[in-house]
Amino acid sequence: MARLASSEFGNMKKSSDWVRQPGLDKKLDHLVEERGCTPAELVPYDAAKALDIKPSGEFYRKVRDWKQRRAAENDAPVMEVPPHVQAEFRETVDRFAAEAMSSFLRAVRGVGGDLNRVATLRITDAEHRADEAQAEVNGLLDHWTAAEAQRDAALARIAELEQALADARRREEVATVRLEERDALLRALRPGTSDNGSAAIMPSVPVADRASVGDDDNRQVGDVAIDASSASAGQSVADVDADGPEQPPVIYTDHPEGGQVEMPLVTNDDAGQADVGGDSRG
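Every letter in the sequence shown is one number past the one before it in the UniProt record's numbering, and letter 92, counting from 1, is 92.
Hint data in this document are derived by calculation from the structure and do not stem from the laboratory. Warning: the hint list may mix true and false statements.
[Said to hold, decoys possible] Below, a list of computed lysine-lysine pairs in the BS3-like style, where the Cα atoms sit at most 25 Å apart:
#1 LYS67 <-> LYS27
#2 LYS27 <-> LYS49
#3 LYS62 <-> LYS26
#4 LYS27 <-> LYS62
#5 LYS26 <-> LYS67
On a predicted model such as this, the values are computed, not experimentally measured, just so you know.
Given these sequences and hints, build the entire structure.
Given below as structure tokens:
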């Protein structure tokens, strides 16, 4: 294949060996400038030798094209413009430039004014929303302050109620303790009981009135109170026995004629002594 290409097409040129028109134009212009001659005076063969290019039909064609283009450029007529025409032209150009600049400035001012109006509206709207937000925040702070005041008042009221409840509980405990102590004292001072389990009551009224007191079964008995003031809340049964003979508690009952009648409870010992005395009197 290589032998066929070399036999039919000859030796292939490299791309670097190809002579292109733009590159050749630059080299020829440089050569003419170095020699100080015109393009028409330059000999193609001398140019090929100077540029180390193999002279060929393609090279001569490109050199001829270069000479024609340079000759056309040099043959272009030079037109002299009068000064007054140049001044008018310059004035016209300046006027057009001023008008263009004025139009540009008007457009810029218009756009800037529109942008300024839009920015002002946005700023006003933002300030209005900021004022509304600030008013809302102030309202929330006022509600917060009022809620805190109500909370403090409620806490103070709760503290008062808790203190009152604690005082009531202490009073209840004290009353319960006193009631238990009195119950214990009553149990310790409980008098002798009769056959049916009821306490034997000895009236302190004269003997002549006992019948009227005993026969009045239909009268209402009220305001019964046990006088335990003779013994303190912490006094025990041993203390009572040590002080002397046990004094029977007294029961007060309403009497229809003489007010309250003092009726002491009779203990077992008193009841025994009364029986002995009765027997001796009988």
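Hints, one by one, checked against the model:
1. As the CA atoms of LYS67 and LYS27 are separated by approximately 13 Å, the hinted pair is consistent with the 25 Å bound.
2. Distance check on the hinted pair: LYS27 and LYS49 sit about 12 Å apart at the alpha-carbon level, within 25 Å; holds.
3. Proposed proximity of LYS62 and LYS26 is supported: the alpha carbons are some 12 Å apart, at most 25 Å.
4. A threshold of 25 Å between alpha carbons decides the hint, and for LYS27 with LYS62 the separation of about 12 Å falls inside it, so the pair holds.
5. Annotation: proposed proximity of LYS26 to LYS67 holds, straight-line Cα distance about 12 Å (limit 25 Å).
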